[in-house]
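**Q** Residues per chain, in single letters:
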Amino acid sequence: MNNAIEVDNLTKYYGRPGAGVLAVDHVNFAVRQGEIFGFLGPNGAGKTTTQRMLTTLLEPTEGRIVIGGHDLAREAYPVKRQMSLVPEESNVYTELSAWDNLMFTAQLYRVPRAERGGRARELLETFGLWEKRHVKAEDFSKGMRRRLSIAMAIIHKPSLLFLDEPTPGLDPQSARAIRDLIRRLNGDGTTIFLSTHQIEEANQLCDRVAIIDHGQIAAIDTPERLKQAFQRVQSVEVALEPDGQDHGQALAALPGVTTLVKMGDKWRLYTEDPSALLPQVIDYARSHNLRVVSLSTLGPSLEDVFLEITGQQIGVVRHETQQGRTRRRGMRPQMGGER
Amino acid sequence: MKNRPTQRLRDELAQASAVFVKDVRTYYLQPGMIMMGLLTPFFLFFSFSVRREIAPAQGVAQLLAMTLFFTAPAAGPFIIPLERRLGTYDRLLAAPMSLLTLLLGKTAVGAFFAIVVCAIALLGGVVVLGASIAQPWLLAATVLLASFAFSALGLIFGSIPTRRPGDVAMPSMLMRWILLFISGVFVPLDEMPSVARTVAYFSPLTYAQDLMNHAAPGTGVLNPWLDLAVLLASGVLFLLPAVLMHRRSRRLGY
Chain A
1 MNNAIEVDNL TKYYGRPGAG VLAVDHVNFA VRQGEIFGFL GPNGAGKTTT QRMLTTLLEP
61 TEGRIVIGGH DLAREAYPVK RQMSLVPEES NVYTELSAWD NLMFTAQLYR VPRAERGGRA
121 RELLETFGLW EKRHVKAEDF SKGMRRRLSI AMAIIHKPSL LFLDEPTPGL DPQSARAIRD
181 LIRRLNGDGT TIFLSTHQIE EANQLCDRVA IIDHGQIAAI DTPERLKQAF QRVQSVEVAL
241 EPDGQDHGQA LAALPGVTTL VKMGDKWRLY TEDPSALLPQ VIDYARSHNL RVVSLSTLGP
301 SLEDVFLEIT GQQIGVVRHE TQQGRTRRRG MRPQMGGER
Chain B
340 MKNRPTQRLR DELAQASAVF VKDVRTYYLQ PGMIMMGLLT PFFLFFSFSV RREIAPAQGV
400 AQLLAMTLFF TAPAAGPFII PLERRLGTYD RLLAAPMSLL TLLLGKTAVG AFFAIVVCAI
460 ALLGGVVVLG ASIAQPWLLA ATVLLASFAF SALGLIFGSI PTRRPGDVAM PSMLMRWILL
520 FISGVFVPLD EMPSVARTVA YFSPLTYAQD LMNHAAPGTG VLNPWLDLAV LLASGVLFLL
580 PAVLMHRRSR RLGY
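Protein chains in written order, with our numbering: chain A, 1 to 339; chain B, 340 to 593.
Extracted from the complex, chain A is given alone in its bound form (with noise of 0.2 Å):
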């Protein structure tokens, strides 16, 4: 299969090289064609500066990126025709209606006159924005408006759509509108490459992902993959009725339990034998004269995988608790998405 996107060797220092802040340190992958990429990593990671430099917006300090067979350095011109971008922040004019947004947009990529019209309708009809067209940007909401940019960045039909956070801040139906349309496009021939830290989001589109931590790739392969590498990160999830914070001290010593969060309602016993902890969990429900509203066993989630590569969390608490301390909610540090 042939590679949309080769990167060797990407490095960004902002500032001078040896001086400056590495934010980009020497990073190697490629993105197939036809494939949906997600790009992971946690706030400052080097996720967007990578973006940026594969979108032309940032100059690299060292290493190569080739695009579709061109070297970006080089031959930007043809790359920038079959390429796109919907950053995260929506990048709409918002003194323009939606209507001349798309037409601008449609100017800048020369897409042929005659058929400027149509595909602009094409889009606000999919995306929901016909009925207000005529409507300046200004006074749309913020889903609108995200809508509207990535019907920009499609109307000239790009072979390789980046896009940075495409969910964040949207009401669910948007969010899954817009996973939708990922999907219709990819299916349609489009490779894209997806930023996010949306753990659930990625595990859902991507065929394959890389995780990218303090600027350097930590892994690469498909999120079945990933979790499979990580098998010890499983789970025995128990809702207990009736529930209280007390259960933690004692759920936690239970033989076998490397880490509990409390998740809701719910009890999470992070082990590497969930079949052996099972039993027990059974026990204390029933010691206590406790109902078993739920209980299920799970396998490492691709945020799990995420959270052991990126060393930030799990490891942490799993000190803790072997320390016979229990960690709840709110001591693990937030991440999008759920199971």
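Worth double-checking, as some hints may not be accurate.
[What the hints assert, rightly or not] Chain B is nowhere near these chain A residues, computed Cβ spacing over 12 Å in every case:
1) Gly63
2) Asp139
3) Leu170
4) Ala175
[Unchecked claim] Here chain B is said to cover these stretches of chain A; the calculated rule only asks that three of the stretch's residues, wherever they fall, bring their Cβ under 8 Å from a Cβ of chain B:
5) 51-58
6) 96-108
No lab work stands behind these hints: they were computed from the structure.
Even for Gly, the Cβ is constructed at its ideal location relative to N, Cα and C.
Please arrange chain B on chain A, whose structure you already have, making use of the hints.
**A** Just chain B now, kept in the frame of chain A:
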């Protein structure tokens, strides 16, 4: 077909034109543009001309030169940092067009603004003050060339790597004030001491004012062809630092 130079040139011209039309529709009525580009030159003119005996044609020459010099460079320092802050400038930088095309489109925005305001000022000067224009075609050529040259001058400030229009408003305004006082607008070139005249020759406004003096009252001092050549060269040269600063912005991440 698409890669042929003529097709590429047509594409780039169409893109520059699209940027121009979009900016006109988006920014011409913004308070920053009206304040810096429209009101400032008129207030300046009236501040310096009230209670002074100036012939109508000379007054029109001064008003037009000041209008060109304050209106044309107002667009770049206002629009580019604002677009950087809103993220819309990234849309332009990521589009398949050269940086020069983008800058030419932006230059046209300031230039056209100045041409429109000059036309209004000229109309007022002729109708209200009864000024007569000695060489209308020379005046038209001056307005055209000077508006592009001064708009390109403003683009240098607009290209400073920042996302805050306020960061570039101060140096841009300061530069205009300094050049205004050394360029023979208020003191005619032939009445200046030799040192002041030598300094004035370094300012493009000197040549625009001299051309206006040729065109309106017919009192220019320098060869008008020299004036035109200097304005043309200035416009081209001013684009160079703008290009270099944009490249620097790309390294810094603006």
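**Q** Work down the list of hints and note, for each, if the structure agrees.
**A** Hints, verified against the model:
1. Gly63: holds (14 Å)
2. Asp139: holds (15 Å)
3. Leu170: holds (17 Å)
4. Ala175: holds (20 Å)
5. 51-58: holds (count 5)
6. 96-108: holds (count 6)
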